[in-house]
Amino acid sequence: MTETATIAAALDRYEVVIGLEVHAQLLTRSKMFCPCPADYTSAAPNANTCPVCLGLPGVLPTINQEAVDFTVRTALALHCDIPPFTKFDRKNYFYPDLPKGYQISQYDLPLSVSGHLEFPVGGDAVRCGITRVHLEEDTGTMHHAGDVLQSATSSLIDLNRCGVPLMEIVGEPDLRTPEAAREYLVRLRQILTYIGVNDGNLEKGSFRCDANISLRPRGAQELGVKVEVKNMNSFRAVQRALESEIERQTEVLDAGGTLVQETRGWVEAQGRTISQRSKEQAHDYRYFPEPDLPPLRLDAAFVERVRATLPELPEARAHRFQQQYGLTAYDAAVLTDTRDEADTYEALVAARVPAKLAANWQSGDVAALANEHHVPLQHSGLGIDGLASLLRLVDAGTINGPTAKELLAELYVSGGNPEGLVRDRGLAQVSDTAELSALVDAAITANPAAAADFRAGKQRALGQLMRAVKEATGGKADMPLVNRLLRERLLEQ
Amino acid sequence: MTLSRAEVDHVATLARLGLSDAEKDRLLGELEAILDHIERLQRVDTSTLAETAQVGDLVNVLRADVPEAPIGAAAALRNAPATDGSYFVVGAIQGTELDA
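For the record, the sequence lines run as chains Z and G.
Add 3 to a position in the first sequence, counting from 1, and you land on the number used in the numbering used here.
Add 44 to a position in the second sequence, counting from 1, and you land on the number used in the numbering used here.
No lab work stands behind these hints, which were simulated from the structure alone.
The model shown is predicted, which means the values in this text are computed figures rather than measured ones.
Some hints here could point you the wrong way.
[Claimed, not checked] To list a few chain G residues with every Cβ distance to chain Z over 10 Å, as calculated:
| id | residue |
| --- | --- |
| 1 | 62 |
| 2 | 69 |
| 3 | 71 |
| 4 | 76 |
| 5 | 78 |
| 6 | 82 |
| 7 | 90 |
[To be verified] Below, computed lysine-lysine pairings styled on DSS-like, alpha-carbon distance capped at 30 Å:
| id | chain 1 | residue 1 | chain 2 | residue 2 |
| --- | --- | --- | --- | --- |
| 8 | Z | 359 | Z | 233 |
| 9 | Z | 207 | G | 68 |
| 10 | G | 68 | Z | 103 |
| 11 | Z | 103 | Z | 233 |
Glycine residues also receive a C-beta, built at the ideal position from the N, C-alpha and C atoms.
My request is simple: use the sequences and hints to build the entire structure.
Shown next as structure tokens:
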């Protein structure tokens, strides 16, 4: 059986229960509890540290206001309630990437609770509950000799990342397929990047996901044994890891075996999860309230102030694009995929480019160029204003499609004024009926065989005549008009 | 209050402390004394008091998100027992001490 077929067969007999936990670094400038710069990638190891994030004795943490605002903004985007009282707690464990011996996190009174996220999967609407969104701090990074933890005799520690604000988004076990899990993450990342709190980079680990998965026979009330899966650094890895777990758990259950509650790591190269037994056994975090941080009282006025900073969310914006600009659901989804994309589109429309024309060019040729050059439109030589004036020339009939395409590719890289170039190079479209009619007659005279073929019913013969007129104008002819004139002339003779 | 020897082992493991049997016996007694004291405190009637994790009245003490100069790697590493370049070096992470 193929993997897909194996999964489908397993899903017939077992109900899969999946819950996801996402850790997302917040885009603050400074760390969570100290004013060290939060940028941990461009500095030399341990350069961005201070006594607070180094865990030295006698220091006091202070709460970063922006991190609280960002977390509340996220919680509101996910329809969570914001309780009026919240506090921080110490989660105690010893590991060299966290020199204090505890992580400041939130235990029983998190910043937000009871939200949800809705998204489509294969045409069905899925609604996944959000248990809570809370705030904590990231750990440092470790490099093991030989990169294999088990055999390393020593490890290198960099504490630049230690104390970077980290938001944890805990989802309810409402997901039933690996595909739904993947879609949940895609949608969640889209929202976080839209509202400007996270950069959504799975590969670099600024957006990380752990999954809990269990299987139970269809119809059973009791949940099966839960396995936690880690080490997935792409959307595809999440889906593959969960599929691999379904296969593994199905085999154990089908053979009459019992599963062990454990943490397993996804090994991309082997396409399977492996048990991470030893480290996780002694989980006993002995949470207690952080005595060094006074609690937070978040009143309704504060919550409303944060709510006012929420931009229009992608789903609502896609819906509005359909209504306001007459776009298809597909085009609207493509053009609202990122906030930059959607802002660009609305800037083009505001610059008097017709909605449909802007949609076609932005999601077609412009997207291809952005991809090819790894430069988004707004940072290209052309820029949004340049594209708008180019498309206005297309809309006015001043230049034809092929000319516009060539200019776009050139100006995307080198920059320049489209109107000036069209004038200086004489690229304006030839759409004078009298001029084109003369060229049409000449083309028919010069290509009698093609003309005869077309009159005999061969539609394709028209292509040769069209090319002849196009060449006679140096590629600048208004081709729809040429097409019409050719047909009229050939049929009247 | 009686603390079991297994509980002492467990707490020692969580704290990554490698203790001899003699040390564990001594700590068992000391920890029991501390727990006995807490037990006495728990007999005080607090039914009229609100639960609190803080003794001060401070709330909403926040800092603006403005970065300040860190102390830098040289200062951070000054007291480190072992370094490599500007990294801290620690011994093996996984192995006997965690599996204990």
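Outcome of the hint check:
Interface exclusion of residue 62 of chain G from chain Z stands, the closest Cβ pair being 12 Å apart, more than 10 Å. Separation of residue 69 of chain G from chain Z is adequate, the least Cβ-Cβ distance of about 22 Å exceeding the 10 Å criterion. A cut-off of 10 Å between C-beta atoms confirms that residue 71 of chain G is not in contact with chain Z; the least separation is 17 Å. No Cβ of chain Z approaches the Cβ of residue 76 of chain G within 10 Å, the least distance being about 18 Å, so the stated non-interface status holds.
For residue 78 of chain G, the condition that its CB be more than 10 Å from all CB atoms of chain Z holds, with the nearest at approximately 15 Å. The beta carbon of residue 82 of chain G is kept farther than 10 Å from every beta carbon of chain Z, the shortest such distance being approximately 13 Å. Distance to chain Z confirms residue 90 of chain G as a non-interface residue, since its nearest Cβ pair spans about 16 Å, more than 10 Å. For the hint pairing residue 359 of chain Z with residue 233 of chain Z, the CA-to-CA distance comes to about 44 Å; that exceeds 30 Å, so the pair is violated.
The hinted pair formed by residue 207 of chain Z and residue 68 of chain G fails the criterion: a straight-line CA distance of about 44 Å is larger than 30 Å. Distance check on the hinted pair: residue 68 of chain G and residue 103 of chain Z sit about 25 Å apart at the alpha-carbon level, within 30 Å; holds. Proposed proximity of residue 103 of chain Z and residue 233 of chain Z is supported: the alpha carbons are some 24 Å apart, at most 30 Å.
Hints 8 and 9 from the earlier list are contradicted by this structure; the remaining hints agree with it.
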